[in-house]
Amino acid sequence: MPNNEAERLASLKAYKIMDTSEEDDFDDLTKMASEICGTPIALITLVDETRQWFKSRIGLGVTQTPREHAFCAHTIIDPTGTMQITDARSDLRFAENPLVTSDPNIVFYAGVSLQSPDGYSLGSLCVIDRVPKSLTPQQLDALKILAKQVITQMELRKKITDLHEANKQLSETNEFMQRFATTAAHDLKNPLSSISMSAELLTRHLEQNGDTKALKLASTNLSSTRRLAKLVNDMLEYSLRPETLTQNHTSILLSTFLEKTVSMITMPENVVITYPIENPIITTSEIALQQIFINLLTNAVRYNNKPICKIVICYEKNNGKDIFVIQDNGIGIANEELERIFDRNVTLNHVDRFHQNGTGIGLFTVRFLVEKLNGKICVESEINQGSCFKFSIGA
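Following full-length UniProt numbering from start to finish, the sequence shown increments by one per residue and tops out at 395.
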């Protein structure tokens, strides 16, 4: 038994290969081993707690044998990684072995350990004959090369299996998030309708009573509620039909778009925003671009401890792409955090001006939306000086 048996078994289990179906990539290697070594039997064996199981076999009917009878159980503990027995009938270790005294009547055996990249012997590639023989140095070298190819195939298979499982989990997560977004947007519609109706009734009442100051506040409330209702409707449409994010492009006048977007964010009185001089018409998904700006502008306000919170928005057109820059004078981001701020569920060790921590969703969503709009996003930042987010969309 190997000294590292527990770790070896864990390594074998990680490949998720035991008791799987036959695969041509492995069968081709056993055929080559059989032909090169001139033996009627060739096997790819994997040894677990109680048995040796054959991932691929040539010239043998059974799919496994007990570990205590397995020649390969000896191969995996051989310090050289190889074992060759010219005549098992005269070898004290195997002379009484049922695999020698009865079917398949093993006489000659040569095996090479299957060494995983982390150094564990998982099994062997072996060739067997029913008559005494010995491999030439060239044949043994070829068997070693083929054993490495077996491990290469196992590694490739493991990566593909892991990728399929990750894709399945991602698909399930996306399905859950889509259901959640649909439910959340749907549930928000009713209270928003009530708020909108109340705001409208309040506005009419104040118009009749001539309260100018209160009327202005109520009108602002009504306008914001209607814009929020539109955003919720857009969310609902997107959650039901995700393709609308990239297909439903409209022409947007930049100044109007920015004014509307900023009005949806609660801005403290000390926030000063400088808008682009350019005022182009941009063709893109308004809801996606709006979410990008809302996230970036909200962060610029939240993570700012200066007496005057300065935000500068710039725009340019370059090689058919719309390029935006949002620069602030906030608290900044440490260099070691810059590379991962767009990853899912990453929260920085920052508390905002409202003494709240982030959720780790906003910037991940920003990158997702930018990439869906055929763009890229990057950030430069300096502690206590501020951050500069630059992203492109289109073309």
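Bear in mind the hints are in silico, worked out from the structure with no lab data behind them.
Treat the hints with care, since some could be wrong.
Stated by the list, open to error - Across the chosen pairs, the derived CB separations fall in these ranges:
id	residue 1	residue 2	range
1	Arg204	Glu316	26 to 34 Å
2	Lys148	Asn105	53 to 61 Å
3	Pro117	Pro276	25 to 33 Å
4	Asn279	His205	36 to 44 Å
5	Ser171	Thr212	22 to 30 Å
6	Met18	Gly394	29 to 37 Å
7	Pro117	Ile77	34 to 42 Å
8	Gly394	Glu22	47 to 55 Å
9	Pro132	Thr80	32 to 40 Å
10	Gln115	Gly394	28 to 36 Å
Claimed, not checked - Think about it this way: if two alpha-carbon atoms lie no more than 20 Å apart in a straight line, the pair counts; the simulated PhoX-like pairs of lysine-lysine are:
id	residue 1	residue 2
11	Lys13	Lys158
12	Lys16	Lys133
13	Lys159	Lys148
14	Lys13	Lys144
15	Lys13	Lys148
16	Lys306	Lys372
17	Lys390	Lys310
18	Lys159	Lys31
19	Lys158	Lys148
20	Lys372	Lys321
21	Lys133	Lys144
22	Lys16	Lys168
23	Lys168	Lys148
24	Lys31	Lys168
25	Lys310	Lys260
26	Lys148	Lys133
27	Lys372	Lys310
28	Lys376	Lys321
29	Lys144	Lys168
30	Lys260	Lys133
31	Lys148	Lys16
32	Lys376	Lys317
33	Lys159	Lys16
34	Lys310	Lys376
Computed from a predicted model, the values in this text were never measured in an experiment.
Glycine included, each C-beta is placed from N, C-alpha and C at the ideal position.
Starting from the hint list further up, note which numbers the structure goes against and sort them upward. The structure conflicts with hints 1, 2, 3, 5, 6, 7, 9, 10, 12, 14, 16, 18, 23, 24, 26, 27, 29, 30, 34, although it agrees with all the remaining ones.
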